[in-house]
Amino acid sequence: MATRFFRFAAVLLVGGLLAATTGAAGSAELKSGVFKPARPAPALSLRGSDGTELTLSRYRGKVVALGFGYTTCPDVCPTTLAYLAQAREKLGPAGKDMQVVYITVDPERDSAERLKAYLAGFDPTFIGGTGTPEQLAEVRKAYGIVVARENVPGSKTAYWVHHSSFVYLIDRAGNLRALLPFGVKVEDIAHDVKALLGD
Amino acid sequence: MVTSLLRGLVFGVLLAAAGAASSQADNAKIRVDDAWARRAVMIRSTDANAFTGTGAVYATLVNAGAKGDALLSVTTDAASVAEIHETFQEGGLSRMREVTRIDVAPGKKVELKPGGYHVMLINLTRDLKAGETIQVTLMFQNAGRIAVTAQIR
Chain A
1 MATRFFRFAA VLLVGGLLAA TTGAAGSAEL KSGVFKPARP APALSLRGSD GTELTLSRYR
61 GKVVALGFGY TTCPDVCPTT LAYLAQAREK LGPAGKDMQV VYITVDPERD SAERLKAYLA
121 GFDPTFIGGT GTPEQLAEVR KAYGIVVARE NVPGSKTAYW VHHSSFVYLI DRAGNLRALL
181 PFGVKVEDIA HDVKALLGD
Chain B
1001 MVTSLLRGLV FGVLLAAAGA ASSQADNAKI RVDDAWARRA VMIRSTDANA FTGTGAVYAT
1061 LVNAGAKGDA LLSVTTDAAS VAEIHETFQE GGLSRMREVT RIDVAPGKKV ELKPGGYHVM
1121 LINLTRDLKA GETIQVTLMF QNAGRIAVTA QIR
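Chains A and B, in that order, give the protein sequences.
Using our numbering, the first residue of the first sequence is number 1, and each one after it goes up by one.
Using our numbering, the first residue of the second sequence is number 1001, and each one after it goes up by one.
Note that these hints are calculated values from the structure, not bench results.
Some hints here could point you the wrong way.
[Unchecked claim] A few chain B residues that face chain A, going by a derived Cβ cut-off under 7 Å, partial list only:
#1 Ala1040
#2 Val1041
#3 Ala1050
#4 Thr1054
#5 Ser1094
#6 His1118
#7 Asn1123
[Stated by the list, open to error] Subject to a maximum C-alpha distance of 30 Å in a straight line, what follows is the list of computed BS3-like cross-link-like pairs (lysine-lysine):
#8 A/Lys96 to A/Lys116
#9 A/Lys62 to A/Lys194
#10 A/Lys156 to A/Lys36
#11 A/Lys116 to B/Lys1129
#12 A/Lys31 to B/Lys1113
#13 A/Lys62 to A/Lys96
#14 A/Lys185 to A/Lys141
#15 A/Lys90 to A/Lys116
#16 A/Lys141 to A/Lys36
#17 B/Lys1067 to A/Lys185
#18 A/Lys31 to A/Lys90
#19 B/Lys1113 to A/Lys185
#20 A/Lys31 to A/Lys62
#21 B/Lys1129 to A/Lys90
#22 B/Lys1067 to B/Lys1029
#23 B/Lys1113 to A/Lys116
#24 B/Lys1113 to A/Lys194
#25 A/Lys31 to A/Lys96
#26 B/Lys1113 to A/Lys90
#27 A/Lys185 to B/Lys1109
#28 A/Lys156 to B/Lys1129
#29 A/Lys96 to B/Lys1129
#30 A/Lys156 to B/Lys1113
#31 A/Lys185 to B/Lys1129
#32 A/Lys116 to A/Lys62
#33 A/Lys156 to A/Lys116
#34 A/Lys194 to B/Lys1129
#35 A/Lys194 to A/Lys36
#36 A/Lys141 to A/Lys194
#37 A/Lys62 to B/Lys1129
#38 A/Lys31 to A/Lys141
In this text, a Cβ means the ideal position worked out from N, Cα and C, and glycines have one as well.
Let the hints inform the model, and build the full structure from the sequences given.
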């Protein structure tokens, strides 16, 4: 009689655990601000730093971290890219399904080649995007990215481009899922990417 | 005569050492702790005049003395020019402005860190590779020049 009870309890326990783990798709608990409901990430078609056409559909099946910046940016962009590189490293083998895409806000200086050289300093898998000012303005509008150019007479940098510094997380199905604010911790980025990978 | 000469020499050396020690003491009132630089690639091209990129150096400035001091400028051989900047958030944007000085009050410390104050390196002269170091000289109003080794991360 005791063994029957224990068998019943074991079934209950296993059943309970199974129920807890099989949540509805898209139920990942994230640390950063979430999009509710999730909506498709706006499509884009730009010139990729690898010399081919950059589209998000290329990365369907991976989690995409999409950011905006430029190669002359000294603090915000290197910090963002370094954190994303560290988060990808933290994921270990699962990191192969995390794709960072960085779109320039400075097409005048940031050619595909320049973006490639710059991003390689952080992680060889990072892809940059450039294009005409009009194409890039359209993408920024779709993603709510604001920029402000400031001329710096007498400086070798000539001008700065102040820009929104948050990063979007797009899931494997191509939906916008989270917004990472500037300065978010590496472990929180890794946590959210991992959650979306498992979603 | 030899002994008095020797005595004079010893006295002279001691005086010089005391002088050196006191200027060390002045420098010691300001400390530059944990200087580090973000990794960066020197962007090369066939155009000799092309801009080679920017970098950032961070550190904690500690004023252990009784008198206020201020960081006025920075030089490094890792870039043509170094400026002091501050990142700040405004209107949904990350912005940046050059600052002419960073005051460090007596007994206080000021952090140069990502998203805040930083030394902006303009026109890199070399790659900044993680694990290596660069030499940076900070010029303070009172303490004068302080040379530090910044770890590249």
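We went through each hint and held it up to the structure:
1. Ala1040: Holds: closest Cβ of chain A sits about 6 Å from B/Ala1040, inside 7 Å.
2. Val1041: holds, 4 Å
3. Ala1050: Violated: closest Cβ of chain A sits about 9 Å from B/Ala1050, beyond 7 Å.
4. Thr1054: Hint holds; B/Thr1054 Cβ to chain A Cβ min 4 Å, cut 7 Å.
5. Ser1094: holds, 4 Å
6. His1118: holds, 5 Å
7. Asn1123: holds, 5 Å
8. A/Lys96 to A/Lys116: It holds: about 19 Å lies between the C-alpha atoms, which stays within 30 Å.
9. A/Lys62 to A/Lys194: Given pair A/Lys62, A/Lys194 holds - Cα atoms ~11 Å apart, limit 30 Å.
10. A/Lys156 to A/Lys36: It is violated: about 44 Å lies between the C-alpha atoms, which goes past 30 Å.
11. A/Lys116 to B/Lys1129: holds, 17 Å
12. A/Lys31 to B/Lys1113: Satisfied, since the Cα-Cα distance of roughly 23 Å is no more than 30 Å.
13. A/Lys62 to A/Lys96: holds, 8 Å
14. A/Lys185 to A/Lys141: Between A/Lys185 and A/Lys141 the Cα gap is close to 27 Å, so the pair holds against 30 Å.
15. A/Lys90 to A/Lys116: Holds. A/Lys90 to A/Lys116 sits at ~23 Å (cutoff 30 Å).
16. A/Lys141 to A/Lys36: Measuring from Cα to Cα gives roughly 20 Å; hence the hint holds.
17. B/Lys1067 to A/Lys185: violated, 36 Å
18. A/Lys31 to A/Lys90: OK: A/Lys31 and A/Lys90 at ~16 Å, within 30 Å.
19. B/Lys1113 to A/Lys185: holds, 14 Å
20. A/Lys31 to A/Lys62: Roughly 19 Å separates the two Cα atoms, so the pair holds.
21. B/Lys1129 to A/Lys90: Holds, at about 20 Å.
22. B/Lys1067 to B/Lys1029: Roughly 9 Å between the alpha carbons, so the hint for B/Lys1067 and B/Lys1029 holds.
23. B/Lys1113 to A/Lys116: Cα-Cα ~26 Å, so holds.
24. B/Lys1113 to A/Lys194: Roughly 28 Å between the alpha carbons, so the hint for B/Lys1113 and A/Lys194 holds.
25. A/Lys31 to A/Lys96: holds, 21 Å
26. B/Lys1113 to A/Lys90: holds, 22 Å
27. A/Lys185 to B/Lys1109: holds, 24 Å
28. A/Lys156 to B/Lys1129: holds, 23 Å
29. A/Lys96 to B/Lys1129: holds, 23 Å
30. A/Lys156 to B/Lys1113: Given that 30 Å is the threshold and the Cα spacing comes to 23 Å, the pair holds.
31. A/Lys185 to B/Lys1129: Judged against 30 Å, a Cα distance of about 23 Å means the pair holds.
32. A/Lys116 to A/Lys62: Distance ~20 Å between A/Lys116 and A/Lys62 Cα, so the pair holds.
33. A/Lys156 to A/Lys116: The hint holds at about 22 Å.
34. A/Lys194 to B/Lys1129: Status holds; Cα separation ~28 Å.
35. A/Lys194 to A/Lys36: holds, 19 Å
36. A/Lys141 to A/Lys194: Holds, at about 28 Å.
37. A/Lys62 to B/Lys1129: Holds: A/Lys62 and B/Lys1129 sit about 29 Å apart, inside 30 Å.
38. A/Lys31 to A/Lys141: holds, 26 Å
Figure legend: structure checked against the earlier numbered hints; hints not met, in rising order: 3, 10, 17.
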